[in-house]
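**Q** Letter by letter, the chains look like this.
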Amino acid sequence: MQTITIHVNGKKVRGTIDERMLLIEFIRDVANLTGTHAGCWEARCGACAVELDGNTVKSCNVLAVQADGCSVFTVESLSQQRLKPVEHVTTQSLAGVYTPLQAIGSSAADLHPLQKAFHTCHALQCGFCTPGMLMVLKGFLAENPSPTREEVRMAIAGNICRCTGYQHIVDAAMMAAETLRAAGP
Amino acid sequence: MTPFTYFQPAGLEEAFSLVAEHGPGTRLMAGGQSLLLALKERLARPPTVVSLSRIPELSAISYAEDGSLEVGAATTYAQLQKAAFTGWHRHISAIAGNLADRSVRSMGTIGGGACQADPRYDVPTLLVASAARMVIGSIDGMRSIDAAAFFSPAGGTTLGPRDILCRIVFPPAGVFASFGFDKFRFRVFDAAVVNAALAVTTDEAGRITIARLVFGGIAACPSVAGAAGARLCGVQLNEFASLPVADIAAQASEEVLPIATATTRHRQFQSELIKTITTGLLTQAGAPGG
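Line order of the protein sequences matches chains A and B.
Residue 91 in the numbering used here sits at position 91 of the first sequence, and the numbers go up by one each step.
Residue 1046 in the numbering used here sits at position 46 of the second sequence, and the numbers go up by one each step.
Bound-form chain B, shown alone (with noise of 0.2 Å):
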């Protein structure tokens, strides 16, 4: 590591004003998993680390009027694991339960798997499956985006230089008919080499209108099969079973990862994997219950 000075503000215009102060190659911290691997091969050298772990309201997790989940960017995983959630925001605490291991999820936070980008992250995937608003905020005030917004097509986040993520707002328990979330990875600890969404919402009579099909892992920033995902809408959830299940499978694989492009082996290995998890999620979407 090289030196730094280390800040841990107690409240969030604390944190702005920090950031805002000392500039660009200012690092935030919230549980450091990922940061402090960086640090210690000295990938980042910032001058400045600002820990985020000592503001109360970056780990809360409320609801808001209209039933939306409210989490504090600095909310742990281990935190999610243990919260008693209804509805689809149950999948949020299997997710989290189920990435790294027991003594990371204690430390890392989402708003940190978040910012931290990496394509192979759960967390990615299931903000953009979910239609996540991302609240960001900094010293010229509060704004929020669409997670689909804040994660840059190039890679990395849209987030500026005096931006600190504050809160991730789930949209309410009962908005999917379903939602499902798989991924392969080699060992339990290890980050995702696919893991894929399926969020779907149903009109009053129960057709599907949207059916977001999301994809970590494949390029620098969650992809999502849009064509493949349409040709669910218009469809009864019940009526799952009619559909040519395999062949959407492959139309989404053919979308995000053509398999012209797909030069390596580890390339095609993916291909193969998102039609393996595609099919499973749409069989699973379509059982009771799904």
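One chain only, chain A, in its complex shape (with noise of 0.2 Å):
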């Protein structure tokens, strides 16, 4: 067992943890933060990719003791959380309101540009790709900030969506990428 201090999003967090956990498990389990999902376990999917010290990581093949003291951006650090507790949740609460970003209490305006693109584009369907598929474009878009249809391609080469057939992801990394270059420096 070994101590160790992640800042996840920001936030110090610590804990005791066999040497064996994955930073996957640490995200979820220690921080409790399960925007990131874990899909393959075997660094396939890239379902679990998360931000480590500016670079873009597979949490999954990751020990969380190799991330100690390290700084961890996952999917929540998008976008403003104010996720207000839903009470009553049935499918037919969830038909009523059924935009969703009204039953997490969250609006339009709080999303990150790639966040709303994939909104607006629909680039998902069961979202299990997407936090994986969000923070390696993000990671993309910085280094890259007007690329190709086909650069974003390779980009998210190492990401599996089984939904979309990527075509909508690859038009959203497309808009989201004009709004930051409208956005930025």
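The hints are all genuine.
Estimated spans, in silico, between C-beta atoms of each pair:
1) B:1094 / A:167: 25 to 31 Å
2) A:143 / B:1204: 37 to 43 Å
3) B:1174 / A:119: 49 to 55 Å
4) B:1272 / A:127: 40 to 46 Å
5) A:150 / B:1139: 46 to 52 Å
6) B:1065 / A:162: 53 to 59 Å
These are computed hints drawn from the structure, not numbers from a lab.
Glycine included, each C-beta is placed from N, C-alpha and C at the ideal position.
Combine both chains into one complex, guided by the hints.
**A** The structure is reproduced here in structure tokens:
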């Protein structure tokens, strides 16, 4: 057992953990941030991608002890989290407010340009791969603000999506790139 | 994963003594991208894991006095991809930026790729083709060997249980008149079915003195097509067009993977790929600015 400290989304998280604990387990079970999804556990699907000291990594293939003292940003860092508890969630109640943002008490104004573009372009269906896609694209667009569609496809090569066929994800990345270029320096 | 004791030394000396102290079962971890997969499958059950990622001198890129490029073994592919290299060193960036995927490249290291010694990986082929020197350290001191001697013909490396690969020394940026690398893989993040590199040096008159043609993915260690490479010697780089390129490519293919031994579909495919990739590399080397 080792005691480690990782700064997750700017917050110091300490945990006494087994050396075998993976970073994804630390994020989900110790820091209690379940936005990062664990898909394949073998560095294939990319759903678990997070930013570790400025680089995008697959958190299922990094030991938590490797990240000791580092700073990690997860998908929750992209936009302000204003989750309010939803009372009596039923299929009917969700159907009643079927604007998911409303359901969690957030608003579109809070979203990161990438999230907004994913929303607009319908770049997710089940949403399982989305946290990974967002984190990888965030790093990629910071490095290459005006990518071609081909470059976007190469950037998300390590992220698997079974729903969209990637077309809409590339659309969303292009849209987000445009928004970020307009907003950026 | 089976339980292990984890060490994160902050200096090379400390790492040497940890490895010496904990015996042959100890596994070294740079980025962990291959080791962790093996640990999760319990293909590796080391009692001790020593991380090399916090040792500053292992992840530095520097130049020696003669212009040789010294890359720390724990330098990540992402670092290499972003490095501002000149001359043939730019190919190191390009190779590092075109393997596995973005997130894996942020953790994966060139030394890890070398020590993993998977013949389908691009790093062993790059190292052998460029005749890099491998600087190996242990508690007994430092030594350096040729990349060709680093990879064991039976697979794996010739590293001893107490050894740590510390640095990779690539020849200066101006050494090769031409350098080329190409590979074929099914999906972009897959390991290569066949990869190949061609490194060419010339004398003052522009005649080729050494043409090293190396293939990966064929045997347990990088395969050098010596005879096919020798056919290029003495030729002017700009006279490549007059060479029987297809014939040389076929010879290279026969040399590293004799068609008589290519009894499976996969081997036959590899044999064809060698010809295609070699033809491409030779044509590229002969083109202006290749």
